[in-house]
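Make a model of the complete structure from these sequences and hints.
By this note's numbering, the letter at position 125 of the sequence shown is numbered 125, and the numbering carries on one by one without gaps.
Derived from the structure by calculation, the hints contain no laboratory data. It should be emphasised that the depicted structure is a prediction, and the values quoted were computed from it without experimental measurement. Positions of the beta carbon are idealized from the N, C-alpha and C atoms, including for glycine. Keep in mind that the hints are not guaranteed to be accurate.
To be verified - Label-pair ranges, simulated between beta-carbon atoms:
{"hint": "1", "residue 1": "V134", "residue 2": "G162", "range": "33 to 39 angstroms"}
{"hint": "2", "residue 1": "G137", "residue 2": "L76", "range": "18 to 24 angstroms"}
{"hint": "3", "residue 1": "D11", "residue 2": "R38", "range": "29 to 35 angstroms"}
{"hint": "4", "residue 1": "D109", "residue 2": "R67", "range": "16 to 22 angstroms"}
{"hint": "5", "residue 1": "L118", "residue 2": "R95", "range": "17 to 23 angstroms"}
{"hint": "6", "residue 1": "A161", "residue 2": "D11", "range": "35 to 41 angstroms"}
{"hint": "7", "residue 1": "G158", "residue 2": "A68", "range": "38 to 44 angstroms"}
{"hint": "8", "residue 1": "T49", "residue 2": "G137", "range": "51 to 57 angstroms"}
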Amino acid sequence: MPDASSPRRRDAAASRARLLAAAGELFADRGYDRTTARDIGERAGVDPTMIARYFGGKAQLFIAVLRAEGEPGERLPDVLEPARLKGLIERTGTRGPGPILQAAIRPYDNPEAQKAALAELDHRVLTPLRERFVREGVANPELRAEVLSAALIGVILGRHAGALEQLAVAGTAELLTLLQGILGSE
Numbered sequence: 001m002p003d004a005s006s007p008r009r010r011d012a013a014a015s016r017a018r019l020l021a022a023a024g025e026l027f028a029d030r031g032y033d034r035t036t037a038r039d040i041g042e043r044a045g046v047d048p049t050m051i052a053r054y055f056g057g058k059a060q061l062f063i064a065v066l067r068a069e070g071e072p073g074e075r076l077p078d079v080l081e082p083a084r085l086k087g088l089i090e091r092t093g094t095r096g097p098g099p100i101l102q103a104a105i106r107p108y109d110n111p112e113a114q115k116a117a118l119a120e121l122d123h124r125v126l127t128p129l130r131e132r133f134v135r136e137g138v139a140n141p142e143l144r145a146e147v148l149s150a151a152l153i154g155v156i157l158g159r160h161a162g163a164l165e166q167l168a169v170a171g172t173a174e175l176l177t178l179l180q181g182i183l184g185s186e
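And the structure:
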C-alpha cells in the first residue's frame, strides 16, 4: 500500500470513465452550453485539462457521452412501443430532458455539439418512427415522424418545466394513457 507521501498513480481508464459519467450527469442537468470543463472536472475529481487529453475537448466529450448511452448500430424500438414510451417518460421525469431533447428545442452554441445531438435524435427517435411508418405504408412518414417527435418532446419539456400545472403533476400511468391515445399507439 503506498504511503501518503508517494505520488498517486494515475489510472487513465478510471479517470476517463469518471469524466464521462460526470459529463453525462451535468449535460443532462444543465445542457451543453451551461456546463463547463471545470464543472465536469470537479464532479469527476479529475483535472479538467484531462478532458482535452482523453477526449480532445468538451465538444468531443459531449459526443462521447451521447454515444455511450447506446450501442453502435443498435436498433431501437420506436417511441410508439409502450415499453419504450414508458421508459422515456420515467427517465425524463426523474432526470429531466437530456441533451438530445434539449438540442431539438434550443440549439447549442457549438455547431459540432449540435450536429452530434441532432444525429442522435435522428438515430434514437426519428429513424425508428420513420421505419415503422414506412412498414405500415403511412403517407409522408418523414413528416409524421417529426410531428410526433415534436409533440412528445413538447410534453416532456412542458412537464419538466412545470409550466403546465396538470401535466407537471400527472402520474406516469395517466400520462402514458393520454400520450398513447394522442400518438396513436394504443
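Okay, the hints, checked on the actual structure:
1. Separation of V134 from G162 is about 37 angstroms and conforms to the stated range, judged on CB atoms against 33 to 39 angstroms.
2. A hinted range of 18 to 24 angstroms for the beta carbons of G137 and L76 is consistent with their spacing of about 21 angstroms.
3. Checked against the hint of 29 to 35 angstroms, the pair D11 and R38 fails, with Cβ atoms roughly 21 angstroms apart.
4. Between D109 and R67 the beta carbon distance is about 21 angstroms. The supplied range of 16 to 22 angstroms therefore holds.
5. For the pair L118 and R95, the beta carbons lie near 20 angstroms from each other, so the given range of 17 to 23 angstroms is met.
6. For A161 and D11, the Cβ-Cβ distance of about 40 angstroms falls inside the hinted range of 35 to 41 angstroms, so the restraint holds.
7. The given range of 38 to 44 angstroms is broken by G158 and A68, whose C-beta atoms sit roughly 28 angstroms from each other.
8. One distance hint, 51 to 57 angstroms for the beta-carbon pair T49 and G137, holds here, with the actual separation near 54 angstroms.
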